[in-house]
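Here the structure of chain A is known, so what remains is to put chain B in place on it, guided by the hints.
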Amino acid sequence: KAGVTQTPRYLIKTRGQQVTLSCSPISGHRSVSWYQQTPGQGLQFLFEYFSETQRNKGNFPGRFSGRQFSNSRSEMNVSTLELGDSALYLCASSLESAAYEQYFGPGTRLTVT
Amino acid sequence: AQSVSQHNHHVILSEAASLELGCNYSYGGTVNLFWYVQYPGQHLQLLLKYFSGDPLVKGIKGFEAEFIKSKFSFNLRKPSVQWSDTAEYFCAALDAGNMLTFGGGTRLMVKP
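So the sequence lines, in the order shown, correspond to chains A and B. Taking our numbering, the leading residue of the first sequence gets 87, the next gets one more, and so forth. Taking our numbering, the leading residue of the second sequence gets 1155, the next gets one more, and so forth.
Hints may contain errors.
Unchecked claim - Heads up, simulated DMTMM-like pairs for lysine to aspartate or glutamate below, C-alpha to C-alpha not over 25 Å straight-line:
hint : chain 1 : residue 1 : chain 2 : residue 2
1    : B       : K1223     : A       : E168
2    : B       : K1203     : B       : E1174
3    : B       : K1225     : B       : D1249
4    : A       : K143      : B       : D1249
5    : B       : K1215     : A       : E168
6    : B       : K1212     : B       : D1249
7    : B       : K1223     : A       : E187
8    : B       : K1265     : B       : E1218
9    : B       : K1215     : B       : E1242
10   : A       : K143      : A       : E168
11   : B       : K1212     : A       : E182
12   : A       : K143      : A       : E187
13   : B       : K1203     : A       : E168
14   : B       : K1212     : A       : E187
15   : B       : K1225     : B       : E1242
16   : B       : K1265     : B       : E1174
17   : B       : K1203     : B       : E1220
18   : A       : K143      : A       : E182
19   : B       : K1203     : B       : E1218
20   : B       : K1215     : B       : D1239
21   : B       : K1223     : B       : D1208
Because the hints were derived from the structure by calculation, they are not lab data.
Just chain A, with the same shape it has in the complex (with noise of 0.2 Å):
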């Protein structure tokens, strides 16, 4: 069975862009979940996508969104970028929902300059 795939696997954009990155779950797999991870501030939850529907959202600024289609393929976005924005873009796909095991993705690593 493929694992979570990411795409692109490195990004490097100037302030003020927008930039979106793309999610392939493993398949059968309904639930999505972005996090951000940066050496400051570790492992943040964005936001989960259950059924094409937004189920949870963490504390991040409205800048950051994201979707997710009926394929369960998701995509998050980040408008307006900041410099405090680089870090690694984490997807995780599971069952259901985060209670059930989380399969992670490599990452998307975003570079702002």
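Chain B in isolation, oriented as in the chain A frame:
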């Protein structure tokens, strides 16, 4: 908001030493607890989890964790570590709102 604390940020042990990594959570209600591990160059993966029942949970690779409700703790243990246990370990708690909160992580280095 719930918080999860891992007090040991870096731990260095020799092979065969015993390991205990501390984890404390703040949520007072029903909580599900997890330990995830990230080996160098690999994805985060689940080590073990506690939902209910026996507070002593056994996971993969000889790891175990004990849930102590009165102390809001879920410490990870292994009687004898190996060099291959070198990794970063994350404790996480899932509250009733289904929000998963991670601790800051503990980097474990095992010297051969």
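Now for the hints, and whether the structure bears them out:
1. At roughly 41 Å between alpha-carbon atoms, K1223(B) and E168(A) are farther apart than 25 Å, so this suggested pair is violated.
2. In summary, the hint linking K1203(B) to E1174(B) is supported, as the alpha carbons are separated by about 16 Å, within the 25 Å threshold.
3. For the suggested pair K1225(B) and D1249(B), the alpha carbons sit about 17 Å apart, so the restraint of at most 25 Å is met.
4. Under the criterion of a C-alpha separation no larger than 25 Å, the hint pairing K143(A) with D1249(B) is consistent with the structure, at around 13 Å.
5. With a C-alpha separation of about 41 Å, the suggested pairing of K1215(B) with E168(A) is violated against the 25 Å cut-off.
6. The suggested pairing of K1212(B) with D1249(B) holds, with an alpha-carbon distance near 21 Å, which does not exceed 25 Å.
7. At roughly 22 Å between alpha-carbon atoms, K1223(B) and E187(A) fall within 25 Å of each other, so this suggested pair holds.
8. At roughly 21 Å between alpha-carbon atoms, K1265(B) and E1218(B) fall within 25 Å of each other, so this suggested pair holds.
9. Restraint check for K1215(B) and E1242(B): satisfied, since their Cα atoms lie roughly 15 Å apart, inside the 25 Å limit.
10. Using a Cα cut-off of 25 Å, the hinted pair K143(A) and E168(A) holds, with the two alpha carbons roughly 20 Å apart.
11. The straight-line distance between the Cα atoms of K1212(B) and E182(A) is roughly 23 Å, inside the 25 Å bound, and the hint therefore holds.
12. Taking the CA atoms of K143(A) and E187(A), the gap is about 19 Å. The hint holds against a cut of 25 Å.
13. A distance of roughly 36 Å separates the Cα atoms of K1203(B) and E168(A); the hinted pair therefore is violated under the 25 Å criterion.
14. Our distance criterion of 25 Å between C-alpha atoms is met by K1212(B) and E187(A), whose separation comes to about 15 Å.
15. Between K1225(B) and E1242(B), the direct Cα distance comes to roughly 24 Å. Compliance with the 25 Å bound is thereby established for this hinted pair.
16. This hinted pair checks out: K1265(B) and E1174(B) have alpha carbons roughly 16 Å apart, not beyond 25 Å.
17. With a C-alpha separation of about 10 Å, the suggested pairing of K1203(B) with E1220(B) holds against the 25 Å cut-off.
18. Taking the CA atoms of K143(A) and E182(A), the gap is about 16 Å. The hint holds against a cut of 25 Å.
19. Using a Cα cut-off of 25 Å, the hinted pair K1203(B) and E1218(B) holds, with the two alpha carbons roughly 9 Å apart.
20. About 9 Å separates the Cα atoms of K1215(B) and D1239(B), which keeps this hinted pair within 25 Å; it holds.
21. Restraint check for K1223(B) and D1208(B): satisfied, since their Cα atoms lie roughly 12 Å apart, inside the 25 Å limit.
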